[in-house]
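K.L.:
Sequence:
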Amino acid sequence: MPDPKQASLTDHLEFKDEKLAQKFASAPIPMSTLYEAYFDGAVELKTDLTTLLRQRHLFVKYSLTQDHLKWAVTNFVPEVSIHSKARDQRIVREHYDRGNDFFESFLGERMAYTCAFFSQSGESLDSAQWTKLDRVCQKLELAPGMKLLDVGSGWGSLLSHAAEHYGVDATGVSLAEKETEHANARLESLGLGKVARAVCADYRDIEDQRFDRIACLEMVEHVGVKNLSSFFERLHELLEDDGMLLMQWTGLRRGLHPEDLIWGLFMNKYIFPGADASLPPASMLKATEKAGFECQVLENLSPHYVLTIRAWAKNWEQNRGAVVARYGERWYRIWSFFLAWSSLVAEQGSAACFQVVLNKNVDSYDRMARLELAESRAETLNRRERERERQRMFAAE
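Using the working numbering, the first residue of the sequence shown is number 4, and each one after it goes up by one.
In short, the hints are calculated from the structure, not lab data. By construction, the Cβ of each residue, glycine as well, lies at the ideal position given by its N, Cα and C atoms. Among the clues, some could well be false.
Derived DEER-like restraints, expressed as beta-carbon distance ranges [as the list claims (entries may be wrong)]: (1) 297 <-> 213: 12 to 20 Å; (2) 20 <-> 50: 17 to 25 Å; (3) 334 <-> 167: 29 to 37 Å; (4) 191 <-> 232: 52 to 60 Å.
All chains should be modelled from the sequences, with the hints used to inform the complete structure.
P.N.:
If you want it as structure tokens, here you go:
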């Protein structure tokens, strides 16, 4: 293992490209040059990505390159400046419709592409995702007969959980066709097809109606800064006056930080094209308030975000053979780098995951009722946790 204080790039990598070796074996390498070389097979790992990236500051520099500028002009600027329905649909489907098996290779059984919640050390990803889904339902104070809208419903994990455990009528919208097909098949298999459904549609095309509760888990980033105001205005129109909105998102920290910029450009190019609304809390809340919402509670989930990504990375590595056979070595490397780097930037605070509960800022909203619900909700949470602990004990026997 290289000395963390003295490690060089060649301690971690073997150069396959002689020109690259001559230029950067003993000189700082731009981060984008490093990951592009890794994706192209111009370098091979001697250690592992996490070890390499934990020591990245010793041999990497965060500078814009000609490739950055070319890509920004031809891809990034057009994508974030337009954000039309057609462009957003194309971008989302190119990413999320790659193949359900691709995402299952790291997301696991629940197929939840959002930050989990780990209630105890050593908890499995599947259990932590169950806990996250249940906390969302509890925070929204779901009750039988309520109408729930899940904006960006993915593979249907929240739809199925809310309908099965809380008796709500749940509707989800997603632009990804394969996600929607998977979600509806899942709901049918659970016998929930009559009370929950996923619709392949743009949020701008949701038919005019009112919902008691709205959830939006790590989808708002795709809306884009350009459309943020109109997005929240639309959710305001769709929500009952006594309703609640829960939103979860990943945001970059405020300020000028070179690595944050390079990481953000990497994410936009390879992982989430067009997702430029990864805003810090102050900016996001300002947009919600402008649309007529008020904040009930804001929670920082960043430690859980780190643990979630680590669990995804472990799953991804375990499924390497199947991924490479179906999608190739390059895609395997891109996702490996994404997961390894993302967990580290989250550890250092470059990116953070937030969850906020909002209601309409209208005079008629009964704010005092929340005090009356607090005690009964706490008892419900305790009862459900005791039941889960009992199930864990039985499973361990």
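K.L.:
Against which earlier hints does the structure fall short, listed by number upward?
P.N.:
4
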